[in-house]
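2 protein chains.
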Amino acid sequence: MELWFSEQHSDTAKFSMKIKEHLCSKKSEYQKIDVLDTYDFGRILVLDGVLMITEKDEFVYHEMVTHIPMAVNPKIEKVLLIGAGDGGTVSQLIKYKSIKEITMIEIDEEVVNKCIEYFPNLTQGFKDERVTIKFEDGLKAVRKINNYYDLIIVDSTDPFGPGEGLFAKEFYGNCYNALNENGILINQHESPFYNQYKDMVTKMHQRISNFFEISQVYQAHIPTYPSGHWLFGFASKKFKGDVIDDSWKNFKIECKYYNEDLHKGAFALPNYVKELIK
Amino acid sequence: MELWFSEQHSDTAKFSMKIKEHLCSKKSEYQKIDVLDTYDFGRILVLDGVLMITEKDEFVYHEMVTHIPMAVNPKIEKVLLIGAGDGGTVSQLIKYKSIKEITMIEIDEEVVNKCIEYFPNLTQGFKDERVTIKFEDGLKAVRKINNYYDLIIVDSTDPFGPGEGLFAKEFYGNCYNALNENGILINQHESPFYNQYKDMVTKMHQRISNFFEISQVYQAHIPTYPSGHWLFGFASKKFKGDVIDDSWKNFKIECKYYNEDLHKGAFALPNYVKELIK
Numbered sequence: 382m383e384l385w386f387s388e389q390h391s392d393t394a395k396f397s398m399k400i401k402e403h404l405c406s407k408k409s410e411y412q413k414i415d416v417l418d419t420y421d422f423g424r425i426l427v428l429d430g431v432l433m434i435t436e437k438d439e440f441v442y443h444e445m446v447t448h449i450p451m452a453v454n455p456k457i458e459k460v461l462l463i464g465a466g467d468g469g470t471v472s473q474l475i476k477y478k479s480i481k482e483i484t485m486i487e488i489d490e491e492v493v494n495k496c497i498e499y500f501p502n503l504t505q506g507f508k509d510e511r512v513t514i515k516f517e518d519g520l521k522a523v524r525k526i527n528n529y530y531d532l533i534i535v536d537s538t539d540p541f542g543p544g545e546g547l548f549a550k551e552f553y554g555n556c557y558n559a560l561n562e563n564g565i566l567i568n569q570h571e572s573p574f575y576n577q578y579k580d581m582v583t584k585m586h587q588r589i590s591n592f593f594e595i596s597q598v599y600q601a602h603i604p605t606y607p608s609g610h611w612l613f614g615f616a617s618k619k620f621k622g623d624v625i626d627d628s629w630k631n632f633k634i635e636c637k638y639y640n641e642d643l644h645k646g647a648f649a650l651p652n653y654v655k656e657l658i659k
Numbered sequence: 382m383e384l385w386f387s388e389q390h391s392d393t394a395k396f397s398m399k400i401k402e403h404l405c406s407k408k409s410e411y412q413k414i415d416v417l418d419t420y421d422f423g424r425i426l427v428l429d430g431v432l433m434i435t436e437k438d439e440f441v442y443h444e445m446v447t448h449i450p451m452a453v454n455p456k457i458e459k460v461l462l463i464g465a466g467d468g469g470t471v472s473q474l475i476k477y478k479s480i481k482e483i484t485m486i487e488i489d490e491e492v493v494n495k496c497i498e499y500f501p502n503l504t505q506g507f508k509d510e511r512v513t514i515k516f517e518d519g520l521k522a523v524r525k526i527n528n529y530y531d532l533i534i535v536d537s538t539d540p541f542g543p544g545e546g547l548f549a550k551e552f553y554g555n556c557y558n559a560l561n562e563n564g565i566l567i568n569q570h571e572s573p574f575y576n577q578y579k580d581m582v583t584k585m586h587q588r589i590s591n592f593f594e595i596s597q598v599y600q601a602h603i604p605t606y607p608s609g610h611w612l613f614g615f616a617s618k619k620f621k622g623d624v625i626d627d628s629w630k631n632f633k634i635e636c637k638y639y640n641e642d643l644h645k646g647a648f649a650l651p652n653y654v655k656e657l658i659k
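Read top to bottom, the protein sequences are chains A and B.
Position in the first sequence counted from 1, then plus 381, gives you the working numbering.
Position in the second sequence counted from 1, then plus 381, gives you the working numbering.
Each hint should be verified, as a subset may be incorrect.
Since the list gives no way to pick out one identical chain from another, each pair is judged satisfied if it fits inside one copy or across any two copies.
As the list claims (entries may be wrong) - Listed below are the simulated DSS-like cross-link pairs for lysine-lysine, each with C-alpha atoms no more than 25 angstroms apart in a straight line:
no., residue 1, residue 2
1, K521, K481
2, K633, K508
3, K579, K395
4, K621, K645
5, K456, K478
6, K584, K437
7, K637, K659
8, K633, K655
9, K584, K637
10, K659, K645
11, K515, K584
12, K630, K655
13, K645, K655
14, K481, K633
15, K413, K655
16, K637, K655
No lab work stands behind these hints, which were simulated from the structure alone.
All chains should be built: construct the whole structure from the sequences, respecting the hints.
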């Protein structure tokens, strides 16, 4: 038997990977969780049919949401993660001894359980004593926080299903309030290429720009995401995203994707992407 | 009937697009030429089953092989193109009034004929009086040229089939000789992500570095190419690829992808790509 997983990048374009083994399929309270083993990409996590991470290229996403804000403000100590149930972002954050507190708000406990079971390397970070995991709706949880965090990373699914509220106007305003005066907000910002994602890029950027003094967009090459051209939002109260603090070097963090030249390059967007967010 | 075109990115991963119409299928002396109309990407050109260009994202490739060398040395006047039968690179080059001579060596006349028929916008440039097209084997043709061109762009297929010789050691040496003392060589350099392409990146870079004083690699987001993360080689006798001549601005070239910040960013490679070419 040949087993293939396909993800629709649009109604009329799809990416398919051949499957070695369907390791897990479980319906949680919020979504369908699948873990598959592939030939090219190692194990992959699929939520409601949408590819979330692959072992082969997860490092790009997780390094780019973590080291970009840390290199801008190496003094970050208090971090709030929204989503991030696969553990990849936590694994990057705990590399910084200077970070004192990592709170992760993930709506779906089952995602965390399955990731601990099937992605042991990625989820090592959950054992770190600085990490607290709360199983709550990120949209609601952030409402209650005021002037506290140095960094919020929204490591969410796409803007449909359980992650939908994390793209709402209200949510960005609440993130602004939850951040202190040094606050930085990073969020996954979809892709500029396909039409259905493209409109989201514009909308999200407008919404975030309404609240934050500084609102920028940066990019990375994530081969297994639709189009491979993925965007992230960098919003802050005072820091510019493309200005690196030289003291970041002293952390001596080893990366497979990120470096300081690439950091600056990631903010140099193609003209057609600039058009989307102007 | 539903018609889909699939391209294998590896034996166990593929990208598929739904087809509106199969416009042309022709076996030339060298390869099978197909033109299809798609829902997401406009018309596409497929040679021996491999996707060459789509109307939707061809501009990324063609801008990046053209404006990068032109911004490094805006005095370029004599340009040799190897391959480039789809016309996209010529269309970018003719935007520069300062370029005096564009010689294109394409092995397959039938590719040019079909592109003129099915991609009229892309092939407008062929009518420019500075353009000479020769239907010859690029590998052999370059052997006869000495100390003449300012710029050679190798806009070829992958290193199998008719384009194979354009990745041979001998060819890069001949390009070096065909270039004058200001010479720049640009070539498509495959993708760093999938294993079968990855090895080629290393090999190609080693071969080019053997001949050229300066040999660098830069990257672009080309969504319809395998992994979407595509590399280009920049080799030269004296110019550094990431140093832009300020006078380039004066051309006032309008681009959809390229800009000067992006130019510098394109040379800022991820660590795992640097590893491949160190």
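Hints, verified against the model:
Taking CA atoms no more than 25 angstroms apart as the test, K521 paired with K481 passes inside one copy only; the shortest distance there is 24 angstroms, against 64 angstroms between copies. Taking the shortest Cα distances, K633 and K508 sit within 25 angstroms of each other inside one copy (22 angstroms), while across copies they are farther apart (56 angstroms). In the homo-oligomer, the alpha carbons of K579 and K395 lie at most 25 angstroms apart both inside one protomer (17 angstroms) and across protomers (23 angstroms), since each shortest distance falls under that limit. In the homo-oligomer, the alpha carbons of K621 and K645 lie at most 25 angstroms apart both inside one protomer (11 angstroms) and across protomers (19 angstroms), since each shortest distance falls under that limit.
Taking CA atoms no more than 25 angstroms apart as the test, K456 paired with K478 passes inside one copy only; the shortest distance there is 11 angstroms, against 51 angstroms between copies. For the identical chains of this complex, K584 and K437 are inter-copy neighbours only, at 22 angstroms across copies versus 30 angstroms inside a copy, given an alpha-carbon limit of 25 angstroms. In this assembly of identical chains, the alpha carbons of K637 and K659 lie at most 25 angstroms apart only when taken from different copies (14 angstroms versus 31 angstroms within one copy). Proximity of K633 to K655 under the C-alpha cut-off of 25 angstroms is restricted to the inter-copy arrangement: shortest distance 18 angstroms between copies versus 33 angstroms within a copy.
For the homomeric pair K584 and K637, the shortest alpha-carbon distance between copies (21 angstroms) is at most 25 angstroms, but the shortest distance inside one copy (31 angstroms) is not. In this homomeric assembly, K659 and K645 come within 25 angstroms of each other (Cα to Cα) both inside a single copy, at 19 angstroms, and across copies, at 21 angstroms. Proximity of K515 and K584 under a CA criterion of 25 angstroms is satisfied in neither setting, with 29 angstroms inside one chain copy and 49 angstroms between copies. Proximity of K630 and K655 under a CA criterion of 25 angstroms is satisfied inter-copy only: 18 angstroms between copies versus 30 angstroms inside one chain copy.
In this assembly of identical chains, the alpha carbons of K645 and K655 lie at most 25 angstroms apart whether taken from the same copy (16 angstroms) or from different copies (16 angstroms). Only within a single protomer do K481 and K633 lie at most 25 angstroms apart by alpha-carbon distance; the minimum there is 18 angstroms, versus 50 angstroms between protomers. When the C-alpha separation of K413 and K655 is checked against a cutoff of 25 angstroms, the pair qualifies neither within a copy, at 35 angstroms, nor between copies, at 38 angstroms. Taking CA atoms no more than 25 angstroms apart as the test, K637 paired with K655 passes between copies only; the shortest distance there is 10 angstroms, against 27 angstroms inside one copy.
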